[in-house]
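Asker: One letter stands for each residue in the lines below.
Number of protein chains: 4
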Amino acid sequence: MTKTMRRWQITAAGRENLKLIDAIIPTPGPGEILIKVAAVSLNYRDKLLIDAGFGLPNPMKEPFVPMSDLSGAVVAIGDGVTRFAEGDRVISTFIPDWIEGDGPGTARHPNGRTLGGPVAGVLAEYVILSEEWAVRGPDRLSHIEASTLPCAGLTAWTALVERGNLKAGQKVVVLGTGGVSLFGLQIALLHGAEVIVVSGDDDKLTKAKKLGAQYGINRKNVDWVETVYAITNDHGADHILETIGGAHLDKSLNAAAVTGRITLIGIFDGFSVSGSFLPLAVKRLVVEGVQVGHRKALEDLVKAYDLSDTKPIIEALYKMEDLNVALDHLDRGPFGKIVVEVG
Amino acid sequence: MTKTMRRWQITAAGRENLKLIDAIIPTPGPGEILIKVAAVSLNYRDKLLIDAGFGLPNPMKEPFVPMSDLSGAVVAIGDGVTRFAEGDRVISTFIPDWIEGDGPGTARHPNGRTLGGPVAGVLAEYVILSEEWAVRGPDRLSHIEASTLPCAGLTAWTALVERGNLKAGQKVVVLGTGGVSLFGLQIALLHGAEVIVVSGDDDKLTKAKKLGAQYGINRKNVDWVETVYAITNDHGADHILETIGGAHLDKSLNAAAVTGRITLIGIFDGFSVSGSFLPLAVKRLVVEGVQVGHRKALEDLVKAYDLSDTKPIIEALYKMEDLNVALDHLDRGPFGKIVVEVG
Amino acid sequence: MTKTMRRWQITAAGRENLKLIDAIIPTPGPGEILIKVAAVSLNYRDKLLIDAGFGLPNPMKEPFVPMSDLSGAVVAIGDGVTRFAEGDRVISTFIPDWIEGDGPGTARHPNGRTLGGPVAGVLAEYVILSEEWAVRGPDRLSHIEASTLPCAGLTAWTALVERGNLKAGQKVVVLGTGGVSLFGLQIALLHGAEVIVVSGDDDKLTKAKKLGAQYGINRKNVDWVETVYAITNDHGADHILETIGGAHLDKSLNAAAVTGRITLIGIFDGFSVSGSFLPLAVKRLVVEGVQVGHRKALEDLVKAYDLSDTKPIIEALYKMEDLNVALDHLDRGPFGKIVVEVG
Amino acid sequence: MTKTMRRWQITAAGRENLKLIDAIIPTPGPGEILIKVAAVSLNYRDKLLIDAGFGLPNPMKEPFVPMSDLSGAVVAIGDGVTRFAEGDRVISTFIPDWIEGDGPGTARHPNGRTLGGPVAGVLAEYVILSEEWAVRGPDRLSHIEASTLPCAGLTAWTALVERGNLKAGQKVVVLGTGGVSLFGLQIALLHGAEVIVVSGDDDKLTKAKKLGAQYGINRKNVDWVETVYAITNDHGADHILETIGGAHLDKSLNAAAVTGRITLIGIFDGFSVSGSFLPLAVKRLVVEGVQVGHRKALEDLVKAYDLSDTKPIIEALYKMEDLNVALDHLDRGPFGKIVVEVG
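Chains as they are written, first to last, in the numbering used here: chain A, 1 to 343; chain B, 344 to 686; chain C, 687 to 1029; chain D, 1030 to 1372.
The set of hints was computed from the structure by calculation and includes no laboratory data.
Hints may be right or wrong, so weigh each one.
Anything over 10 Å on all C-beta distances counts as not near chain A; from chain B, calculated [unchecked claim]:
1. Asp365
2. Pro373
3. Ala428
4. Ala450
5. Glu475
6. Asn508
7. Val571
8. Tyr572
9. Gly609
10. Glu631
11. Gly632
12. Asp671
13. His672
14. Asp674
With a straight-line cut-off of 25 Å between C-alpha atoms, the simulated SDA-like cross-links for lysine to any residue are [stated by the list, open to error]:
15. B:Lys563 / B:Ala590
16. A:Lys296 / D:His1138
17. D:Lys1076 / C:Val968
18. A:Lys220 / B:Arg451
19. D:Lys1236 / D:Ala1345
20. D:Lys1325 / A:Gly101
21. D:Lys1325 / D:Trp1162
22. C:Lys982 / A:Lys210
23. C:Lys982 / B:Gly455
24. C:Lys906 / D:Arg1137
25. C:Lys982 / D:Leu1307
26. B:Lys639 / D:Glu1191
27. C:Lys733 / C:Val968
28. A:Lys210 / A:Ser142
29. B:Lys654 / D:Lys1348
30. B:Lys550 / D:Ser1337
31. A:Lys47 / B:Ser619
32. D:Lys1348 / D:Ile1054
Ideal Cβ positions, reconstructed from N, Cα and C, are used throughout, including at glycine.
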């Protein structure tokens, strides 16, 4: 094992403050594991966080490692570790202290502790995590693919499966084709559901159909709500992944089936969602927030992918030193995930 | 049985178009029951409907009987009726065709068929209903009290119990002291929960505490959300009956506990609800619409009141001919329900 | 339309009392539909009922039409029918009056009204049903395939999906390879789950694997519970379709995962199920009875098959006049369903 | 603080091997709390465990502290403790590692780690627990009352509320008048439900009615199932706490309402439960095992009692040195709980 490693850190909001530095490889303490990182996937919230400091201690008092989602291998374990052994493939959990059930937090102090801010992140060649903050990685996915599960994959799973009890034959509307949306598409198909992708880009709709979406609607050409009515024989959508928010929620309220579920997904910090009361009441809709998900649900997601030939959609792969190019790509709204290959 | 009866009807939006007329007492057809009405309770939506024609066929082609909630006795049954016999006490169901489960309706055509508009209402001395549109009345309540269950009582029950799985020890925030809110208060207490009433009127708060509410918050004097934090030791509210809507939803989002439920109640037709995304996500809140409730839930509600000494709160009782005075009272925002005694 | 039709009827328990007769084609009354039957599938309970009169009025006072599951086309409708039009493909509902939710029945008088006993059955060229007792048939299945959904298909769906909230990656144990078991296999695969089939017949296990089962265990060669532990890495089975009953339940209790669900399926009339208390408690298991399912769940099942390339497994097809040969085949324990082609 | 304390220990199965000894008061390590015990309640399983070594390492290699349920005060905390401070009232959790959700364990190795066997128990003047193995005690209960919540109280809560979603107006059958049964009675009443107690002892039935049970049935005098039908107007019991097990389950299956829940409670180790299949299927019953409950549910139970005037039922109170007299009392089947006052 080399004694030093490369690690990205940021000292203040703004991409110009991102630095790739050399650091000492740390040693795991009691209950901790040392992970040799193979891949780190990027999320839109990482971009917001780097650009605007969202969620980070402000002003940042010390250098901070960005990003939350890693796949790698355990290379050393601390005293008392029982969940993992050296050589185990692992992926990180986005919210460190949420094992299952309702998890920590109160109304006044909701749990905002997530990897990559305010808890130290993972964009480094080696990372120390509590053994409780990782789960065994999927056998059938590469590190690059596996690194996309902890945030984007789990968010879609929590919305549709853990909370939504998705079943075969249901109608799922996916808005857009970002990371969570494409996981929503795949997870819906894994459960035998029908997927309607709504996008403003015909190329992306074509790609989504190649992934198995039964329908694609270009919202620039048609009223997507009316088209959902037509496709579903007036039934509407049983589940909607609402990734746009704001006043767009109103369209989702209209598109939803009786007792349909709309999950709000994304980073709308500081922005409202709004919608008409009438469809909410008369169709008895559920509008629900989702905060990625708990560790047990991540383990369930790993099991689901390990039974399937489905692979997470990677739009682009970057080298560790090319983080800024990767972030530029993220700015452009990729089809699926962007992953940084580490080491 | 007399051959004629008195019946209110309306021929166009506007209270001036309400008429108390004499009509022939009808005869029940197959599957129908004839009810001698004893009491009819008023709902805020009746007022909107009378004043503005909300939900009614427009223009009204024929005279229409207003109001939805009756308590009375079966005095004749049609062929094939099996659910009731002469002499049975009954109350009406607000939504005629919803027995249990998800019920009728689609995304494009949600089920808006409710008694008192567009389906003919019940403010008459005798009313014909399908036997499927009534349930056995509660033994321990008077007709006057029983008449308040079909809409206001059932709405609170559906929100807190049928959908909310309310349990002892939970914290319930009730906004205001109208019919649904006071039923929410009573139903929460029946289940051993803690009730926090938020109102702008100290007199009403005093009355609510006499009914058993553990806490009353005058929202004009203090920040009610902060007070909920303080009362619940930061936990927040497990259930909120959001009767205000609009931008006020945002306060409820902040007051809600982790995984708390906010039920939207009232008539906000044409108005939006809006709120910040962040508390929805980070606390994984559920915001849900409610459309009164199904027949089986109404039967459950009757059972609950029949086991309890709790009586629905009646603010005022009016004679049938004094409907306009009753509606004026409704305008002023009563504490609990207003009931018209019939016959 | 011909004026007469062929119809099977039975006048007393015993196959010798089955008669194929000519009868007048009936005319649908108000709310009824006349169906030209294309296929009728057989269930094990039909055999018990024909052989021993199980569930039938005893002594049978009048000729009785056996069998419950049809697929056909509407050829005439009665007054007031709104759910169907002439030409619509339909399948029957096994339990006539159960639309959704909990349905009819009490503790003292559970609902035992099912087609084919005590309600008149469907093995005839033309059948009259209430429009409420049928659902639109699946577009992607033939009549022969569709006829297998109302009882066997729906039973597996209710167990795994409607009640079980099956999700991708879960482990499902299917005991045997009869009609319900193979539907369980297919429905589990439709939802991305892992299927372990337990049988005493290697040929049937080979066939089950061809249908997609990931594992087959010959219970005559190995301890199937231990093998389930081994396959699932000690996790156990999240869902078990327990089709054997009696003392065998004990094995299922041991094979089940923590919080696993065991659904009791089959006709064990007069027989007990029994098992050890300890695994029930320490793993907090759910043992649940299933009574086929409600109409809305049948509609959901149709949607699921209409989205999929999966086809119900038909072991053999018989002509209407060969009912006795079909029943003999049923005696031998087929792999999947036996269907009678009608007309 | 004295340097030594009294502590019960057992070195082998058999009451004669119980010894009250002097021991050094331990010092809490990191993450641990030292509790000055005020009261310890006894459970039937403690008796089985002492008499027969059930669940204990066999042969016991070292002295073992019996009993699981304490109420006391924190008198010292170890490094890193955040959940409690000195002076806090606490009660113990029966299953140490189950915070919420499904908790630990697999099909092959269910989680059997409980206080008082095989994990060291609490019948001592001072006890060390991980801070994760305790919850804040109820403000409105004495230590003696509070000590009954961790096992008996939580078992009834888990059955009826956490798993059963009990609601006002439902019918609850409680078999017997032991600790769990009387908690079932109280918790059902707290939620506005109707309680029917079935016992073979008229005196106990009289006492149960004084506690609020609406009905008592002496099963020696009448067929209790028929009486439940009569009381509930044929509806049956929505929830049954089945504390007898064995073939008696069959009676509960018959007494249960459509979709009713039967929770198996007690120590039936080595014994089967058995029952007829037919009522299970046709009423779609749920038979469920319960393993006390998780920590979050215990916190919920504390909240419920803290909102209520209800006090746990204590049949008798013994001094620490009189453990054997207390166990003799337990042998006789008390009405409610037996508690040992400590220190």
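Asker: Let me make sure I understand: some of the numbered hints might not hold for this structure. Which ones are they, in numerical order?
Answerer: Of the numbered hints given earlier, those the structure breaks are 4, 7, 8, 9, 10, 11, 22, 27 and 29, listed in rising order.
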